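Chains as they are written, first to last, in our numbering: chain A, 1 to 166; chain B, 1001 to 1788.
Think of the hints as simulated: they come from the structure by calculation, not from any bench. Values in this document were obtained by computation on a predicted structure and should not be read as measured data. Each residue gets a CB set at the ideal place from its N, CA and C atoms; glycine is no exception. Worth double-checking, as some hints may not be accurate.
[Stated by the list, open to error] Residues from chain B shown here face chain A by an in silico Cβ test under 8 Å; the list is partial:
hint, residue
1, P1026
2, R1027
3, K1035
4, F1296
5, R1714
6, T1729
7, L1739
8, P1742
9, Y1746
[Said to hold, decoys possible] If you anchor each label on the Cβ, the simulated ranges turn out as follows:
hint, chain 1, residue 1, chain 2, residue 2, range
10, A, D122, B, K1250, 51 to 57 Å
11, B, P1683, A, R10, 58 to 64 Å
12, A, A55, B, G1003, 27 to 33 Å
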Amino acid sequence: MRVTFTVNGRPTEADDVWEGESLLYVLRERVGLPGSKNACEQGECGSCTVYLDGAPVCACLVAAGQVQDRAVGTVEGLADGDTLDPVQQAFVDAGAVQCGFCTPGLLVQTHDLLNRAHHPSDAEIREALSGNLCRCTGYEKIMDAVRLAAARKADARGTAPAGSEG
Amino acid sequence: MAGPTTPRNLSAVSAPGRDGIGASPPRPDGILKVKGDFAYASDLWHEDMLWGTTLRSPHARARIRSVDVSAALALPGVYAVLTHEDIPGSKFYGLEIADQPVLAIDEVRFHGEPIAIVAADHPETARRAVARIVVDYDVSPAIGPVEALDPERYGHVHAPADYKAHASGNIVHSQHVHHGDGDSAEVRARADVIVRGEYEVGMQDQAFLGPESGLAVPAEDGGIDLYIATQWLHVDRQQMCPVLALPPEKVRLTLAGVGGAFGGREDISMQVHACLLAQYTGKPVKIVYNREESFFGHVHRHPATMVFEHGATRDGRLVFVRAEIVLDGGAYASSSPAVVGNAASLGIGPYVIPNASIDATAVYTNNPPCGAMRGFGAVQMCFGYESQMDRLAAELGMDPVKLRRLNAMEQGSVLPTGQVVDAPAPVAELLRRVEAMPLPAAAYRRTGDGVDLRELPGGVSNSTHGEGVVRGIGYGVGIKNVGFSEGFDDYSTARVRLEVINGAPVALVHTAMAEVGQGGVTVHAQIVRTELGVDLVTIAPADTRVGSAGSTSASRQTYMTGGAVKSAAEAVRGTVLARGRRRHGWTPDLVAGLRLVDGKVVDRADAVVADLVDLLGDEPVDETVEFRHRPTQAFDRLTGQGFGHVQYTFCAHRAVVDVDVELGLVKVVELAAAQDVGKAMNPLAVLGQIHGGSTQGLGLAVMEEIVVAEGRVRNPSFTDYLIPTILDTPPMPVDVLELADPHAPYGLRGAGEAPTLSATPAIVAAIRAATGLALNRVPVRPEHLTGI
């Protein structure tokens, strides 16, 4: 079958899709976006987290046909060219990346959290990221990265015109 | 739209920043990783590529009467179905003993053993083809670790004539260590108190997130190029060549992005399978395991049963230790012999004990093969001996930290192997520091409306508002060796090239070190900046065009490949200065004081004597060096004596837990660590290792176990094999000591494994303190706490 959708704002067509394929497979193997990761392919690890119509989902649990005419956002869409999103930059700066396999999913999930909560408490951060497994870091530097990204975004808002808060 | 990720994406990366050793510059691969552009092995694509899949045994022990692949071959889209009969060369491989069939030959010895491999044009086609292969099994009862020790009654895992490295029966390897007067009657009589304990450690999985993956591409010269996630490129190749019947120069490996390892990639998994399919079909073949197959596709941490006796005087001085350890090696040897060596030689912990008798044995069973996992034999022992120290403290009515500090080893202490510890061993100091850290507040006491469920055992399942919750505190400390031991010729190779590019000096670092996430590539750039005084450093992809780096394991890579990079950079500097001596007539005395700083050659007074760009001109300097640590010795087989390990590393933990004693739910509130790292080459990366290792120790303490029943794995998924989430993982304050090891490059000490050891016993000790239960097995489950 053919699946037509948008990825990171761009119209996209995937051809010869077998009905059993997941959105994750289509992204990774058919449209050249392997940033979303295949760590468990059963919805337990969060490594494949993408936005589907603005809501974070596990791409491995979404059947390819379900994204027809819908909007998908992946880790590849977070940066603006060479300018990293504050969440991405904070993960690099805080030492939250080791092997990096969990990172794309954590970035999308954190991006969503900071869109909803500008000053999340530690408990809120842990709750929001509890569906994203990381095996390398013990999460301490991930906590630091989320706090850092939240602080930097708050600073940026402080200098932005009133009413620009999202 | 981005193009496909091909092997071309595995190109050199530049290392950002100006920082040398001791600083924490960003990772060279960090930007790629946060943009989703880093090319992991499972991301690779090749035109005309096929997908490989494996048929695995559903039985732990069975004869194979027949294998019929005709229905699989008949499926459209299938290009090859191979069994052991199609292997061109040797049919066996193995890290230490080549006893593991590449594909099963007439019998299977563990649940998940590969029997056949398929290449097809779509992964689903390959999976369906596998389902069409018909195997006729004659199933037998599985041999477990208890049965393995009685082969007369229960039989052999391998036909006795096939055993390749052991004395008798189902024994893979055993090691005795006899120290002082052992546990003789005289020695026992000297002890006022003797405590005995039996302990068990379940089978832990590395659970790296990036599944086993690789892309094998047949080359025009009849060879193979393999792009692979592994821990040791050269030892993979060493095992692959005989099977593929190819010489080493025709089997070329390049490291693709690795999503974690922790020991689980030390043995080969799909490497040979992908190459066999590529050889047979003449097409590129990619294999990517899913999570279930990953659980079957790599070795695990050895389950252990341990019996300890500790004898001490009334005032708390240890008199003797007797330890008997049986490790379940599973169906094939993997690295069991070296794990046994570690268990035996490190089996009494970081303590001075005048007499010891230790027996460690690994047995073949029909359970999944076990081998390397972070901590490598020392993890199991640490749970045993630290549980004993707590038991002894209770028996003596003594504070458990005081008892440990009283018996702590230090520089100059003699180990049971007779080896004198000739570098700092601040065991008592680490315990002192971790004990002195401030304790976390008792959040659970805020019962009533103000309580935050997320801070309580059970969390938002709302199982308590503080009632039935008891806090406990526990301690643990451990000892781990660094590097390869027992006389192994342990070396690493590094090539450093210094040249002028666009008017600036640029250094290239080329090694075969597997970057698995630890940050070795960051440290290599720091070392080169420190030694050569250049800002611009490029890291070449790791491959087999340069000599072996050894494995990214045994906490050894910063020491070994870091040492090799340092040596190669020193050789480059020597060549550069020799060039200056020839050109400018520098005196030997002047040259002896010269350093490379900020692109200049400077003398002892920091005066510039030459510009590096001028000295280099258009003639690059390119040096390759092999670095070795000082030699070790094999342990004597009968007494365990010998200078077996090159370096020791120590970490201490304090765990604070809240336990809902009615429901058996545990929340680890805080896990504090103190560790000596000799020299923190990259402090941020060191913290990452300590946090990550501690968390894997937490997992072993309270949740992680591959459940095996009669040889069958019951929980091969992240739904049923639980690893700590961010909610399970507490704040982890860390105190880092830097006491230089005079024998090591920069005085550094391998950091990756020690924190995995002591976290587990510290947490269990805290749960014991909260519950009063004995808890002789990890992981501790709710039913162990409630008695249901």
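Each hint, compared with the structure:
1. P1026: B:P1026 check passes; min Cβ-Cβ to chain A is 5 Å, inside 8 Å.
2. R1027: holds (6 Å)
3. K1035: Result: holds, 6 Å to nearest chain A Cβ.
4. F1296: Result: violated, 15 Å to nearest chain A Cβ.
5. R1714: This interface hint is violated because 16 Å lies over the 8 Å limit.
6. T1729: Nearest chain A Cβ about 5 Å off; hint holds.
7. L1739: Violated: closest Cβ of chain A sits about 24 Å from B:L1739, beyond 8 Å.
8. P1742: Not OK, violated: B:P1742 not within 8 Å of chain A, min 29 Å.
9. Y1746: violated (20 Å)
10. A:D122 <-> B:K1250: 51 to 57 Å: holds (54 Å)
11. B:P1683 <-> A:R10: 58 to 64 Å: violated (41 Å)
12. A:A55 <-> B:G1003: 27 to 33 Å: holds (28 Å)
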